[in-house]
Amino acid sequence: MLSIKDLHVSIDGKPILKGINLEVKAGEVHAIMGPNGSGKSTLSQLLAGRSGYTVDSGSVTYKDQDLLELAPEERSWEGVFLAFQYPVEIPGVNNTYLLRAGLNAIRKHRGEAEINAVDFLKLVREKAKLVELDESFLSRSVNQGFSGGEKKRNEIFQMAVLEPALAILDETDSGLDIDALRIVAEGINKLRNEDRAFILITHYQRLLDYIEPDFVHVLADGQIQRSGDKSLALELEREGYSWLDSDTGSETDAA
Amino acid sequence: MSAALNQTSDWHPQLATALDTLPGNNIGWLAQRRDKALNQFLELGFPTRKTEAWKYVATHSIAQITPVLSQNAIIDSAQIAQWRLDGCDELVFVDGIYHQSLSSVTDNAGLEIKNLAELLKNSPDETKALLSQLDHKAHDAFDALNQALLRDGAVITIADDALIERPLHCLFVSTNTSKAITPINNWIFAGKNSQCSIVETYIGDDESNSLTSARTNIKLAANSELNHYRCQRESKQAYHLAELQVELARDSRYNAYPIALGGAIARVNVQITLAGQNAECTVNGLYLTKDKQVSDHHIKMHHAVPHCNSNQLFKGVMDGASRAIFNGLILVDKDAQKTQADLSNRNLLLSKLADINTKPELEIYADDVKCSHGATIGQLDEKSIFYLQSRGISREQAEHLLTYAFINDVVNRIKLASLRQKIASLIIGQLPDSEFISELV
Ligand SMILES: Nc1ncnc2c1ncn2[C@@H]1O[C@H](COP(=O)(O)OP(=O)(O)O)[C@@H](O)[C@H]1O
Ligand SMILES: [Mg+2]
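Protein chains in written order, with my numbering: chain A, 1 to 255; chain B, 1001 to 1441.
Everything labelled a hint here was simulated from the structure, so no lab data went into it.
Careful: at least some of the hints might be erroneous.
[Said to hold, decoys possible] Computed cross-link-like contacts, DSSO-like style, restricted to lysine-lysine with a CA-CA straight-line distance of at most 30 Å:
(1) A:63 <-> B:1383
(2) B:1290 <-> B:1415
(3) B:1036 <-> B:1370
(4) B:1383 <-> A:108
(5) B:1137 <-> B:1334
(6) B:1114 <-> B:1128
(7) B:1055 <-> B:1359
(8) A:14 <-> B:1383
(9) A:18 <-> B:1383
(10) A:63 <-> A:108
(11) A:190 <-> A:63
(12) B:1055 <-> B:1338
(13) A:190 <-> A:230
(14) B:1300 <-> B:1415
(15) B:1179 <-> B:1422
(16) B:1383 <-> A:129
(17) B:1300 <-> B:1290
(18) A:5 <-> B:1383
[Stated by the list, open to error] Covered stretches of chain A, going by a simulated chain B footprint (3 or more residues, C-beta under 8 Å):
(19) 18-25
(20) 73-82
[What the hints assert, rightly or not] Beyond 10 Å from chain A on every Cβ pair, some chain B residues (computed):
(21) 1019
(22) 1062
(23) 1077
(24) 1099
(25) 1118
(26) 1175
(27) 1329
(28) 1362
(29) 1392
(30) 1405
(31) 1415
(32) 1417
(33) 1431
Glycine included, every Cβ here is placed at the ideal spot set by N, Cα and C.
Take these sequences, add in the hints, and give me the full structure.
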């Protein structure tokens, strides 16, 4: 589904991603862990189409297309979804109406008819329940005045409604108390299926107590330093990222 | 430009003739009052770019107006149907002249609604006394011109203790296409403990190109409350020069909503005086310009006594090669201790050629006050655009949506539902992707 090959990305001339390789197949859950500043958000935002990044070399292929050629909205229509690390507050734009517009744009792209108001309301209610998001949030402005945890739940709620093929979750678990984490994790688990792939970016091993990943990758200094199964996460939990310092240090020297 | 700048004296002969035709010019005090103002007009001369308050407005184009009065035009009720407001009493003025047949005023206990021309005709002496309650000295030539051409307008008196539930809508329609002058003078007296909502709407036919010179004087007695909406949507060829003067007695509450959408050059000059303790004033303003429009707001919030609050928000969106000017002064007198005053001016520039000059000012002579002021000029937030795109909204639609959301923040503060909806659909209708936006807000 997604194939990232030797991807080098810089921001204002400063290299951030320095040769990423990643293969994600339908149905898989990939966890990407790594210290602050290692490039996790850069990778996820780049995949969703944020401007301001320069791709110096490498490629990203998604469903046999050059993903980097698509506008952000086109990626969304094609099934890419990013749950933002910092969801944006948009006063004056209604949370539910935005979702309906987004969903209809996706359906239109697929050649499907617009969803009717009754079905949409049913869908939205059902998905809000999934992440235990109070219905009062549906009629509010996008993320405005939401607490940190409510914003994260709103992201998962949006994902549940839009039903993406590739969901990238950028630290959706950060800043959540244990109850909220459980709700979010269960929401994600319910959305797991053989057609859908997840990239879970996380800072904490804790999330993986609830969601069992197929692969764990460690991103540091713009490269995937190690890949493995979920035992790698446990190893990281025990030993932290300190072992990376020497590795990346020598790597920088060599470069 | 090579065209010589007009002098106010160039207008003298025609204005003198116009004055003679004004109703009530046989009444001594009135004729004197108009003459005095005419002389002021001649003495003051048109403001130029050297005049600080007019620094950014090219008045020479206004001076191209023909110094004659707009005449009584006949219009059909259907022509203004779309501008009527549900659930309101309505006074309709066409080119500055009251039209009873288009108006509808229910018997509203506690609300006395008159038009100036009729008052001057029927009870000149009482009118003189009434007007003298709220007099002022013209501060520039255009204001003097307005005074000299005193002709008609709404005179509204709210009785003490009257709680007026039905809002009053004063609808001013411009139809004149011969560059004439339309003077309008309104007075609003809010009695002690009274409450009322009044809407002034200034609209124009697409073809109208006159100069509307509109002054509204408002006096709030102790503990009264007035919601005052002022919506201006004149044609793109029209000039609109507005004066708003408000005086608040103790414990009174004045909520103003100046909304400026139309006009080639539209200027609103507001002077609010908090003259009694514990008076409170909120202003939620909005100006939208595009093409070559110029929109100018000058606001003076004068805290003259202690323990008053004022809170002002003005938002502007400028597109095309348009320009807006915002000048907001908070003046706090030496005795006005414990003043709380805020002023915020936020602007969105949608095009490279659009321009805003904003200058919020504080002039504070008291030492125990809480005042803040600030202005921002910005473009649309890239993070928000990207967020919307990532949810499937095209970039263009996201931009239009965010523009409306920025504006909507002010529109949503309009308490009168029928007006809020009207303004919202009017503004959305002017934006591209209007159908899409209206589904999302
Ligand atoms: N817009 C930006 N401009 C400049 N530097 C940036 C920008 N965004 C991210 N960076 C830099 O890129 C590196 C990776 O950041 P980020 O992808 O946010 O890391 P992570 O999500 O892993 O914490 C950091 O050094 C950060 O300072
Ligand atoms: Mg990050």
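Here's how the hints hold up against the structure:
1. Of the pairs offered as hints, the one joining residue 63 of chain A and residue 1383 of chain B holds, with about 27 Å between alpha carbons and a cut-off of 30 Å not exceeded.
2. Taken as a hint, the residue 1290 of chain B and residue 1415 of chain B pair is honoured in the structure, with Cα atoms around 27 Å apart against an allowance of 30 Å.
3. Taking the CA atoms of residue 1036 of chain B and residue 1370 of chain B, the gap is near 41 Å; set against the 30 Å cutoff, the hint is violated.
4. Distance restraint check for residue 1383 of chain B and residue 108 of chain A: the Cα-Cα separation of roughly 25 Å lies within the 30 Å cut-off, and the hinted pair is therefore satisfied.
5. The straight-line distance between the Cα atoms of residue 1137 of chain B and residue 1334 of chain B is roughly 23 Å, inside the 30 Å bound, and the hint therefore holds.
6. For the hint pairing residue 1114 of chain B with residue 1128 of chain B, the CA-to-CA distance comes to about 14 Å; that is within 30 Å, so the pair holds.
7. The straight-line distance between the Cα atoms of residue 1055 of chain B and residue 1359 of chain B is roughly 12 Å, inside the 30 Å bound, and the hint therefore holds.
8. Between the alpha carbons of residue 14 of chain A and residue 1383 of chain B the distance comes to roughly 21 Å, so the proposed pair stays at or under 30 Å and holds.
9. With a C-alpha separation of about 25 Å, the suggested pair residue 18 of chain A and residue 1383 of chain B falls inside the 30 Å cut-off, and the hint holds.
10. At most 30 Å may separate the alpha-carbon atoms for a hinted pair to count; residue 63 of chain A and residue 108 of chain A meet this at roughly 19 Å.
11. Straight-line distance between C-alpha atoms of residue 190 of chain A and residue 63 of chain A comes to about 23 Å, which keeps the hinted pair within the 30 Å bound.
12. Only pairs whose Cα atoms come within 30 Å are accepted, and residue 1055 of chain B paired with residue 1338 of chain B is rejected, the gap being roughly 33 Å.
13. For a cut-off of 30 Å, the pair hint linking residue 190 of chain A to residue 230 of chain A stands: about 20 Å separates their Cα positions.
14. A distance of roughly 24 Å separates the Cα atoms of residue 1300 of chain B and residue 1415 of chain B; the hinted pair therefore holds under the 30 Å criterion.
15. Between residue 1179 of chain B and residue 1422 of chain B the alpha-carbon distance is near 28 Å, which keeps this suggested pair within the 30 Å criterion.
16. For the proposed pair residue 1383 of chain B and residue 129 of chain A, the alpha carbon gap of about 28 Å is at most 30 Å, so the pair holds.
17. This hinted pair checks out: residue 1300 of chain B and residue 1290 of chain B have alpha carbons roughly 26 Å apart, not beyond 30 Å.
18. About 27 Å separates the Cα atoms of residue 5 of chain A and residue 1383 of chain B, which keeps this hinted pair within 30 Å; it holds.
19. Taking a C-beta to C-beta cut-off of 8 Å, the region 18-25 of chain A contributes 0 residues in contact with chain B, too few for the three needed, and the coverage statement is violated.
20. Chain B is given as covering the region 73-82 of chain A, and this holds because 6 residues of the stretch bring a CB closer than 8 Å to a CB of that chain, at least three being needed.
21. With 10 Å as the threshold on Cβ separation, the claim that residue 1019 of chain B sits away from chain A holds: the shortest Cβ distance comes to roughly 49 Å.
22. For residue 1062 of chain B, the requirement that its beta carbon stay farther than 10 Å from each beta carbon of chain A is met, with the minimum near 35 Å.
23. With a least beta-carbon separation of about 35 Å from chain A, residue 1077 of chain B lies farther than 10 Å from that chain, consistent with its non-interface assignment.
24. Residue-level check passed: residue 1099 of chain B sits 38 Å from the nearest beta carbon of chain A, beyond 10 Å.
25. The claim that residue 1118 of chain B is not at the interface with chain A holds, since no C-beta of that chain comes within 10 Å of its own (minimum 44 Å).
26. With a least beta-carbon separation of about 35 Å from chain A, residue 1175 of chain B lies farther than 10 Å from that chain, consistent with its non-interface assignment.
27. The beta carbon of residue 1329 of chain B is kept farther than 10 Å from every beta carbon of chain A, the shortest such distance being approximately 28 Å.
28. Remark: the non-interface label on residue 1362 of chain B is consistent with the geometry, its nearest Cβ contact in chain A lying 27 Å away (cut-off 10 Å).
29. With a closest Cβ-Cβ approach of about 4 Å to chain A, residue 1392 of chain B is found to fall inside the 10 Å limit, against its non-interface label.
30. Distance check for residue 1405 of chain B against chain A: the nearest CB is about 3 Å away, which does not clear 10 Å, and the non-interface claim fails.
31. For residue 1415 of chain B, the requirement that its beta carbon stay farther than 10 Å from each beta carbon of chain A is met, with the minimum near 17 Å.
32. Residue placement check: residue 1417 of chain B keeps its beta carbon more than 10 Å from all beta carbons of chain A (closest about 17 Å).
33. Listed as outside the interface, residue 1431 of chain B is consistent with that label: its C-beta sits roughly 13 Å from the nearest C-beta of chain A, beyond the 10 Å cut-off.
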